[in-house]
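Q: Those sequence lines, one after another, are chains Y and X.
Numbering of the first sequence is given in the working numbering, commencing with residue 1 and proceeding in unit increments.
Numbering of the second sequence is given in the working numbering, commencing with residue 1 and proceeding in unit increments.
One thing to keep in mind: the hints can contain errors.
With a straight-line cut-off of 35 Å between C-alpha atoms, the simulated DSBU-like cross-links for lysine-lysine are [claimed, not checked]: (1) X/Lys19 / Y/Lys181; (2) Y/Lys306 / Y/Lys562; (3) X/Lys19 / Y/Lys10.
These are calculated hints, taken from the structure and not from any lab test.
Each chain, written out:
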Amino acid sequence: MLQLARSRYKSFTRRAAIVGGVQAVLMTVLAGRLYYLQVIRADDYRTMADDNRISMRLLPPKRGRILDRQATELANNQQNFRIMFVPEHAKDGIAETLDALSSLVEIDEYDRRRIEREIRRNRKFMPVTVLENLSWEEFSRVNVHLPDLPGIQPDVGESRSYPLGTAFAHLVGYVGVVAEKELTGEPLLELPGFRIGKSGVEKARESVLRGTAGNSQIEVNALGRVIKQLNRVDGDPGEDVVLTIDAELQMMVMDRLGNESASVVVMDVHTGDVISMVSTPGFDPNSFNLGINHADWKELLDDPRKPLINKPLRGQYPPGSTFKMIVALAALESGAVTEDFQTFCSGKLKYGNHTFHCWKKHGHGLQDMVSAIEHSCDVYFYEIARKTGINRIAAMAERFGLGDITGIGVGGERSGLVPTKEWKLATIGEPWQGGETLNVGIGQGHVLTTPLQLAMMTAQLANGGKRVRPRLMYSLDAEKETDGKTADKEPAVPEQNQSLGLSEHALSIVLEGMRRVTNSPTGTAFRARIKDPAMAMSGKSGTAQVRRISKYERDTRVLKNKERAWRERDHALFVAFAPVETPRYAISVVVEHGGGGSSVAGPIARDILEATQKRDPARTPPMGVAAVRNQDKGKG
Amino acid sequence: MLIHDGPGLTDVQLTLGQKIWNINWMLVLLISATAAVGFAMLYSVAGGSMDPWVKRQMTRFGMGLILMFLVALVDVRFWMRYAYGIYAIALALLIAVEFIGSVGMGAQRWVDLGFFQLQPSEVMKIAMVLALSRYFHGLSLDEVERFRWLMPPLLMMLAPVALVLRQPDLGTALLIVMGSGAIFLMAGVRMWLFGVVFAAVGAAAPFAWSYLHTYQKARILTFLNPERDPLGAGYHILQSKIALGSGGLAGRGYMQGTQSYLNFLPEKQTDFIFTSLAEEFGLTGALVLLSLYVVIIIYGIAIALRSRNHFGRLVAMGITVTFFLYVFINIAMVTGLVPVVGVPLPLISYGGTAMMTILIGFGLLISVYVHRDVRIPRRPGDSV
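The whole structure should be built from the sequences, with the hints applied where relevant.
A: Structure (structure tokens):
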């Protein structure tokens with residue numbers, strides 16, 4: 001047995017030697033192969049490695065459009081012929097290549113500095129935008145000379161365009177290149193020339209509009225020319241955003257406002273849909289996108305009419321007499337006065353050491369609640385404000401949503417200010433003076449409102465005292481969830497339409513006052529009435545003083561608005577709704593330094609409300625929503 | 001008859017302390033060093049990050065190492081006693097994968113045990129070595145030379161190969177055939193029979209061709225003529241060679257490889273990791289790694305020669321040859337010497353299953369070494 005075991009072990013040892021030998025040979029073969037590849041042919045492969053490079057390119061997603069309620073494009077994407085430059089591939093040197101390029105198309109000093117800065121800032125294989133928005137001739141000229149321009153890449157991109165331009169500059173906003181502090185580490189944002197929303201809806205809905213990036217793997221040769229696309233992953237395009245705005249009405253409003261520095265907000269009194277929201281003067285958002293020059297930028301900044309400010313949201317004005325409805329309601333609801341309360345207006349009221357003047361120098365005579373609104377009698381409102389007290393007025397204002405942002409969803413909205421005793425003590429550090437309540441009674445003093453808030457306030461008066469908040473964008477996601485069954489109904493906002501808890505009687509007194517303002521021959525804005533009874537409007541004018549009228553001036557003669565410098569003139573305000581009996585649209589008009597509310601702002605409100613009712617956009621289902629939904633179906 | 005040379009006895013029982021003392025710690029060190037090279041490379045191809053691969057690979061290696069020691073400390077006679085049982089289980093799992101296996105990467109290779117994704121073909125690589133070693137342990141040299149005694153082991157080998165080919169997994173099938181072939185050779189099967197088998201395979205090749213999948217045909221054609229389709233099927237191998245070659249003698253430097261940077265090899269962390277290593281460390285680095293492997297293989301052969309029982313010798317040799325085949329096929333593949341068959345580089349490529357197989361194999365190898373002086377009778381009841 002041992003013999004056998006030994007012979008088996010011998011055989012095993014012999015075979016192990018054979019197997020070990022074969023392994024040794026094969027390992028030597030591997031070593032030899034490596035030597036062949038890495039030493040003998042190293043130079044060849046090194047060259048091939050440099051010649052054939054695979055690079056990953058991000059594919060920026062198509063940005064979603066912004067549409068109005070009729071599916072009119074407010075922001076879309078246009079072809080953009082660009083010249084890109086990959087520093088890594090510039091065999092002739094970066095400066096030399098750019099020099100060669102500038103003999104074909106003009107590169108000015110400013111661009112040249114920007115390009116050089118971007119090259120320094122980015123990684124060498126990242127393409128840098130040299131020129132954008134070239135004409136077809138320029139673009140093809142560069143293309144023809146491409147073989148002599150290593151590193152230069154022609155590219156057809158997309159750039160944002162705002163077909164309706166100025167009328168939507170504030171509302172829709174604009175896009176711009178990503179600033180350094182906006183970088184989040186997402187590679188898409190580092191893509192040269194990539195643009196993100198900088199203001200308005202473009203900024204507010206950036207995440208929806210942007211979409212997600214795709215990428216493509218391409219093989220490029222030493223000159224940077226693409227040989228083959230190896231793999232491509234498409235990103236998801238951004239989603240369209242549909243606004244409640246009616247673009248045609250918006251354009252009309254823009255036209256009507258002309259050169260004024262003004263705001264107009266038109267709102268559906270039931271849904272809160274913002275039908276139009278205009279701020280003038282405007283600016284061309286396209287110029288921002290294409291790159292605005294320094295002089296133009298400075299001009300926009302220095303303009304006293306502040307074209308860059310979105311006034312309906314960011315302008316804060318004393319509401320003037322448009323605040324009187326709130327004061328009246330506060331007085332009636334709190335029981336400070338009854339509807340029968342009357343006071344005699346002699347043109348002024350003494351309170352403590354001060355004299356408070358009515359706008360009508362010689363007074364209105366005996367006034368009750370309705371006629372005081374109709375005539376906008378200041379003395380009457382001084383009186384009831386005094387009886388009601390500041391905090392009860394403030395509480396009523398807050399019930400209407402004044403003093404707080406409306407939550408419209410576009411950034412930069414201001415809250416306005418509704419003063420109370422506590423507010424004054426906390427912020428100014430002085431106790432409230434009784435006379436200040438009188439000032440608030442006519443919408444002056446500390447009280448401040450935005451035009452959007454005024455429209456919202458008017459809508460809530462018009463709809464019978466129900467809570468309404470402005471809505472600018474249709475929430476498409478909410479509709480998708482309901483599977484398009486509620487397609488033609490406007491989506492409901494939950495907190496919308498809750499009662500504000502006003503007594504019907506008090507409200508009807510105030511509304512009667514507003515009706516008379518524009519429909520009674522003695523109303524302050526009778527001349528601004530809508531004559532067609534089916535479209536008639538109720539309203540209230542307001543004139544907000546921006547300067548103090550001195551005793552001397554009052555004793556001699558108060559200067560008329562036209563006699564004052566523009567900056568010294570009063571703000572003209574007007575709020576209104578129509579039709580009188582079954583209100584649907586509310587409007588606020590604020591003309592900065594415009595003069596009288598009933599003479600300047602009133603006619604603007606009339607013209608716009610008349611046009612709005614003729615178009616009646618709220619009665620037709622939002623086509624924009626339907627269009628986007630159909631498009632989604634097509635995709636699915 | 002009862003002549004003992006040395007202390008080896010059939011009933012030798014080692015204490016745990018003796019076993020631990022007996023472990024070949026140098027081999028453990030070599031294995032760990034190789035795995036460390038793997039971690040460094042995975043760190044590099046991830047672009048200088050512990051995620052997504054290094055952390056998980058380290059965990060797996062740690063778990064595998066524990067498993068390796070457990071296997072090593074179990075008596076080699078235990079493994080022999082249950083060799084057929086383990087084989088039977090592995091075969092049953094392979095059959096099960098036909099019915100309940102989940103399809104991953106276009107091939108049916110996995111069976112889900114609820115807590116663990118098991119790849120039965122990997123289990124079979126180990127089970128086959130054990131079962132064949134046990135079989136040949138029981139044969140005398142005379143019997144090995146007789147053809148009828150070769151029928152059972154041939155069937156034992158062909159049954160799982162047929163199942164693995166059905167999955168289809170050509171690489172694993174070839175590994176099993178070649179690993180088994182090595183055991184046949186070590187057992188003393190006459191050399192001319194191997195010649196006959198080679199001739200037969202050569203003659204059958206044209207018929208086998210028609211059974212291959214399109215992608216397998218493409219890979220073989222590409223291997224025969226890599227420039228056939230440089231941006232299609234030949235793309236990987238060409239890019240791999242370019243990267244390797246551009247590494248030169250000294251390499252581009254750690255983390256300077258263009259591969260991981262430009263992402264063009266889809267399997268840079270698994271099958272093609274050697275390319276990255278050779279690109280970054282050049283011929284020097286590649287040869288250092290190759291030397292590590294060679295030393296491990298020499299240790300394996302030495303352990304086989306040192307064992308006093310035939311089962312242990314065959315197991316040690318079987319494991320060593322399987323390990324060698326992994327190394328050789330992988331490197332030959334990425335250097336364009338053999339077609340792309342999808343074999344990982346042992347201890348380095350990212351992947352849990354292969355890591356487990358290799359470490360369990362090393363566990364058996366160390367078990368053979370720990371119990372090197374144990375004598376096992378050829379047949380139960382025989383004296384040694």
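Q: With reference to the structure, classify each hint as holding or not holding.
A: Each hint tested on the structure:
Of the pairs offered as hints, the one joining lysine 19 of chain X and lysine 181 of chain Y is violated, with about 64 Å between alpha carbons and a cut-off of 35 Å exceeded. Taking the CA atoms of lysine 306 of chain Y and lysine 562 of chain Y, the gap is near 21 Å; set against the 35 Å cutoff, the hint holds. With a CA separation close to 28 Å, the supplied pair lysine 19 of chain X and lysine 10 of chain Y stays within the 35 Å bound.
When each numbered hint is compared with the structure, a violation occurs for hint 1 only.
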